[in-house]
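Asker: Chains as they are written, first to last, in the working numbering: chain A, 1481 to 1833; chain B, 48 to 559.
Note that these hints are calculated values from the structure, not bench results.
Take these hints with a grain of salt, some might be off.
Listed next, the stretches of chain B that the computed footprint assigns to chain A, with coverage defined by at least 3 CB atoms under 8 angstroms from CB atoms of chain A [said to hold, decoys possible]:
| # | region |
| --- | --- |
| 1 | 374-380 |
| 2 | 386-398 |
| 3 | 422-428 |
Below, simulated EDC-like cross-link-like pairs (lysine to aspartate or glutamate); rule was C-alpha separation at most 20 angstroms, straight line [what the hints assert, rightly or not]:
| # | chain 1 | residue 1 | chain 2 | residue 2 |
| --- | --- | --- | --- | --- |
| 4 | B | Lys-488 | B | Asp-437 |
| 5 | B | Lys-211 | B | Asp-191 |
| 6 | B | Lys-488 | B | Glu-359 |
| 7 | B | Lys-379 | A | Glu-1572 |
| 8 | A | Lys-1611 | B | Glu-359 |
| 9 | B | Lys-173 | B | Asp-191 |
Don't be surprised by glycine CBs; every beta carbon is placed ideally from N, CA and C.
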Amino acid sequence: MRTPNRHDLLEFLTRHFIWVVLVFTVVVFGLTIKGYLGLANIANILITGSVLGVMVIGQSLCLMARKLDLSAEGTVSLVAVVAAWLMLPYRETDLAQAGGLGVELDPLIVIPLILALGALIGFVNGFMIMKLNMNFFIVTLAMQLVLRGLALAISEGAIMPGTPAAFNWLGGGRIAGIPVSVIATIGLYLVFGFVMSRMQFGRKVYAVGANEDAARASGFSPARTVILVYTASGFLAALAGWMLLGRLETSVPNLGIGLTLNVVAAAVIGGVSLKGGEGSIIGAFAGVLFLAMVNNALNLMNVDPLWVNAVRGLIILVALIIDAQKTRYAGRAGPSAPTTTVVADADQNAAVS
Amino acid sequence: MVETGALPRRDMTLLDMRGISKSYPGVKALEDADFAVRRGEIHGLVGKNGAGKSTLMGILMGIREADSGTIAIEGETLHQASPQTMIDAGISYVPQHINLLNTLTVAENILVGNLPKNRFGLVDWKAVNEDSQARLSRLGLKLDVRQPVEGLSVAERTMLAIAKALFNDARLIILDEPTAALSRVDIDLLFGFVRAQQEQGVAFIYISHHLEEVFEICDRVTVMRDGRIVGMRAINEIDVADLIHMMVGGGVEEYQRESSAGHELVFEVQDLSRRGAYEHVSFALRRGEVIGISGLQGSGVDELAQGLFGLERMGVGDVTIAGEAYRPGSPKSAFEAGVAYLPQDRHRYGLVQLRSVRENVTYSVLDRLVGRLGVLMRQDEQAITEEYIDKLGIVTPGPEQRTLLLSGGNQQKVVFAKLAATQPAVLILHEPSQGVDVQAKVDIFNIINDLSRQGVAIMIISSEVRELIGLCDRILVMYEGRITKEFSRAADNMQPEDILLAIEGGPGDADA
């Protein structure tokens, strides 16, 4: 046994960095912004954070598997439009407002339908990436375009207001004064936190993300694992779409646009590495809280909207810098981390013996 | 560059490396190595895999940093060694797999980054082709410069790479296994070209496993073993047997394992062939038996190991385990059939380095650790991990340590633990002692011994002939895809020199 040294401390700090930052943020904003820690504002933070939060779970799974899902925001757009279209009564498009298809399906039918649609989209992503050997970045980017395009085509670019109350419960309802969306999001974090840390599936995702070859040689099927990860990501994106539409009660065809960067940022801020195989769901949760708090503070401080994006971008960059340093540090600490070398193969593996 | 003015004198030292040492955590890769090359000589550098050749060359090229020692070129000591300073000093490396811009023409490859332009600022193709053609003919190299590099033979590419190095004022060129993929005709072509450059005063370091070629082309040869320089000889002072003896060494403390082979056949491979990899491979393993298979790179041993574990296609032929047909479609099915494989490339296939010892040890047996609803049973998992940490003597602060932070030997033990946890009937070990220190080697041999006593049939693929002799009941030699020779304790013919000669494809009556 050895006693903890400086490296352990460094590793501990980089791993749990986000919690330190989170406490610091609460204290600073709490002291400087009036009403920041009031119940109404906390509820506000949590409600806006919940859609982001649900999407971050799916994205975190993808990142842990060393992949990325750029199509998730497109799934949000599409399921919102499809749900409204199937539920609302028909009406002539007027002043860029439209009605539905006219079938007026019951929300209890529509909800499982859109969740299944999300899962299917994710499955198709995963299948193309793992079975057809396509690049995940391009596949999910193209998929995003397809989904967004479909959402626009179906809605004809019009908004569809007035989704039924039963449907809106998840996004806008409250139980004992607590928003349902917040309860649901926290519940999902508990479930996925457990899945990733204590179940076989989680173990495989980390293994595949950290080293796909070794995972295969350990008897895992990377294809199956990654396809499942994307399916889960699609499902969660659909759930986020349901939640968001329920909160707004109006389908907007470009719902969710631009969410991806925030989602990835929250996950990375929470310690989920872009390089795969690392991070935790609970960390990602902290990342979501942090980002939701900062967004809220920027609002309350009346920061010039022209500056908001710059500030956000900066935060994301800082998170990425920390992520890059973390992996670099890990690489250096390893006694025999693979090094790039131009020495011929014959001796490459034997170089240290 | 230093201009001496005088004609180069042949006996003058060009490169002088002294007292070079290099350690990696737990491993001494180089110990006090002295290595010198004269002007205009072809100097062979031989040694088994892992002898330290590539570390020494890496230091010479400035891509690895020596812990101690000095490098002098033409008497001038270099104070810092970066890849650029080494290139400036006239040292150039030609790898086994040549790096050229394959879709561009020979001329473009020669003048890349420095293409002549016409007065409109566009590339002057006429000048490009004429200039490069002229340069090549000065070296006596006949190539059509308008031809894309991808159309060249391997020998032509190698010569082109050497030519490019010479255009950059190289004085010392390292050739790493240049003939590995060449026919005899091409070898003659290449050697002719190399000798012509040697006449002009260029020096070469020639790294090869093919000893007869070393005798054919080299003036002197330096032998390395276990990170040390064993000796340097003029080529006309020694013969192949001497050289092999120097490479293998003698009088080293040896590990001797007692045979535990039973009678029951466990694993039978019959007439297994895979195009381009191996042909008509047949052998059988008994319960508790340990056999070694050895061969050069490209002899098919590596492919055989990966094929038998389902990492690659296995090819056609019959393989049975305890009488039942065995056809692994994936490592998963291999594990299920009772076959486990320790990969040569531990970092790529063996370990998930970012994850903990506990996770790595239990990857192979996760299915058995799953309780209700797919939840892993923490206590069982912990118990298995601790059992193997204890049994195999894995030195780690705890089961939660990331495997990345362990030493090479302990990493290897973690991979062993992962395999042993599946309780395999057949264990395929690919260079199990590579990249680990001496103590860990002995530990690993003890693990192999213990497993064989428990009845596991073990197949070790290794180029460490002495280790194989100490461990194995039989040793098979593979050459060009076939098993060409068998040595065994029973026949009392496990002589390291004979085995190494067979590995190099030397004379011998193929009896398999």
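Asker: Indicate, hint by hint, whether the structure satisfies it.
Answerer: Against the structure, the hints come out as follows:
no.	hint	verdict
1	374-380	holds (count 3)
2	386-398	holds (count 9)
3	422-428	holds (count 3)
4	B/Lys-488 <-> B/Asp-437	17 angstroms, holds
5	B/Lys-211 <-> B/Asp-191	15 angstroms, holds
6	B/Lys-488 <-> B/Glu-359	28 angstroms, violated
7	B/Lys-379 <-> A/Glu-1572	58 angstroms, violated
8	A/Lys-1611 <-> B/Glu-359	17 angstroms, holds
9	B/Lys-173 <-> B/Asp-191	14 angstroms, holds
Checked against the numbered hints above, the structure violates hints 6 and 7; every other hint is satisfied.
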